[in-house]
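K.L.:
My request is simple: use the sequences and hints to build the entire structure.
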Amino acid sequence: MKEKVKQFLANGRGAILAILILELILTMFITPNKYDDAKFLSWLEVDTISNILVNRYNTWTSRVIIDFTVFSMLKISKYAWIITQAVMMALLGYSISKLFIKENKNKMNAMMVFMILAYPIDIMAEAGWAASTANYIWPLATALFALIPIKKVWNAEKFKWFQYILFMLAIIYACNQEQTCAIVLGTYILFDILFIIKDKKIHPIIVIQTLLSIISLIFIFTTPGNFIRQNTEIIMNFPNFEMLTLLDKISLGITSTVGIIIKKGSIAFGILSLMIAVYILSNYKEKIYRIIALIPIITICVLSYFKNITFAIFPFLKSFVGTLTENKVILTSANCSNLVFVIPIVFSMVILICLVLSILLIFKNLKNNTAILVFLVGLASRLIMGFSPTIFASGSRTIIFFEFAMIIASILIWQELVKKNDKNDIKIQNRTQAIIQCIAVVQYFNILLCILYTQK
200 MKEKVKQFLA NGRGAILAIL ILELILTMFI TPNKYDDAKF LSWLEVDTIS
250 NILVNRYNTW TSRVIIDFTV FSMLKISKYA WIITQAVMMA LLGYSISKLF
300 IKENKNKMNA MMVFMILAYP IDIMAEAGWA ASTANYIWPL ATALFALIPI
350 KKVWNAEKFK WFQYILFMLA IIYACNQEQT CAIVLGTYIL FDILFIIKDK
400 KIHPIIVIQT LLSIISLIFI FTTPGNFIRQ NTEIIMNFPN FEMLTLLDKI
450 SLGITSTVGI IIKKGSIAFG ILSLMIAVYI LSNYKEKIYR IIALIPIITI
500 CVLSYFKNIT FAIFPFLKSF VGTLTENKVI LTSANCSNLV FVIPIVFSMV
550 ILICLVLSIL LIFKNLKNNT AILVFLVGLA SRLIMGFSPT IFASGSRTII
600 FFEFAMIIAS ILIWQELVKK NDKNDIKIQN RTQAIIQCIA VVQYFNILLC
650 ILYTQK
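Note that the numbering used here gives residue 314 to position 115 of the sequence shown, counting from 1, and the numbers run on in steps of one.
What the hints contain is simulated information worked out from the structure, not anything from laboratory work. There could be a bad hint or two in this list.
What follows is a list of derived Cβ distance ranges for each label pair [claimed, not checked]:
1) L480 x I275: 48 to 56 Å
2) N623 x F361: 47 to 55 Å
3) F586 x A237: 27 to 35 Å
4) V549 x G385: 22 to 30 Å
Keep in mind it's a predicted model, so treat the numbers as computed, not measured. Every residue, glycine too, gets a C-beta built ideally from N, C-alpha and C.
P.N.:
Given below as structure tokens:
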């Protein structure tokens with residue numbers, strides 16, 4: 200029996216089980232009955248799920264599959280959501296491991312667990328636990344799972360019959376959410392092209408997954424409720440949205456993304472910045488490379504983590520951060536001659552460019568650079584919010600895909616970092632690992648306390 204348990208936990212599976220158990224501990228104290236969850240529960244008391252879905256399709260959203268899942272969970276029992284949420288977090292860890300961790304699964308998966316636990320999942324409580332997780336965490340988990348066929352085909356691995364069904368179900372659910380649909384479709388189209396170049400053909404599962412994501416996108420664009428919702432959101436939350444130019448929307452996407460990172464003190468950004476700084480400082484002596492690598496970590500520390508100290512010394516920096524994090528278009532044609540409004544967009548672009556250049560330095564080329572692809576896809580998933588009038592109304596939940604892209608990039612950098620076996624390198628690795636583990640432990644207990652106190 201002991202040997203069977205060891206065999207089951209081998210190859211990193213123990214880490215996935217750890218995520219499942221730890222998430223069950225968190226969610227067992229949650230009753231999804233506030234905000235959107237409360238509204239949905241009240242609807243279920245007076246109407247059927249099918250009627251609610253038809254009404255929402257015609258007047259509000261194309262997320263019919265996601266809505267059906269949420270309403271079904273709330274109708275059955277809170278325990279249905281609790282179990283599903285824990286399973287989805289485990290699926291998220293499994294998919295990241297399967298896609299991005301190449302070797303030494305036990306050690307790498309353990310580090311991955313700490314990075315996932317460092318994510319402040321309590322942000323899902325903003326609009327209701329059930330509604331938010333079903334619309335953000337679950338599409339993220341299923342989207343990553345739906346991308347596994349790409350790796351399997353690339354490595355010429357065989358499929359089991361039931362995997363086809365699971366992958367198709369995953370992509371159908373993931374692509375019912377607009378951001379994940381863009382991520383999945385864009386990734387599959389890219390690899391469709393690469394498979395044609397590499398093999399002169401495309402595997403049937405890749406064709407099926409691509410078609411399902413295309414159909415999902417068509418469904419999103421043809422849903423009447425989406426048009427009605429957009430007009431409603433413009434009137435209620437962003438009256439000037441239709442006046443924005445293409446450049447305005449791109450600028451809005453960039454500044455709002457960096458603004459959220461600074462305002463909420465993004466831990467994912469901090470971990471990625473730390474990983475980049477540690478690697479570059481350990482492997483490069485050129486000053487310019489080191490400066491580029493240090494800019495992101497210094498920025499998040501000065502303007503976010505230790506902002507009280509910073510603002511006490513430099514009071515006017517508070518005004519700059521206030522401008523950057525304000526819920527409005529910062530740079531327009533009317534104020535483009537004023538440096539106060541130009542600096543935030545330049546600052547935001549510098550931060551993002553420093554991250555991109557640093558990742559390129561770490562992996563040394565564009566070819567087979569998975570980390571830069573993941574980072575850019577995640578970034579694009581947030582920048583497209585600049586084209587939506589709900590960019591401010593949706594809060595900071597919409598940055599989750601970019602934040603997990605940064606977590607994945609951090610895992611990929613960590614794999615490169617641990618390849619160094621020099622005594623000094625091992626010391627640096629141990630210290631870096633200890634920092635991330637401490638962040639994860641503190642964050643986990645912080646979220647637990649948040650849940651316990653807000654569920655009264």
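K.L.:
For every hint, state whether the structure bears it out.
P.N.:
Checked hints:
1. L480 x I275: 48 to 56 Å: Holds, at about 52 Å.
2. N623 x F361: 47 to 55 Å: Distance hint for N623, F361 holds at roughly 48 Å.
3. F586 x A237: 27 to 35 Å: Because 30 Å falls inside the window, the suggested range holds.
4. V549 x G385: 22 to 30 Å: holds, 25 Å
Of the numbered hints stated above, none is contradicted by the structure.
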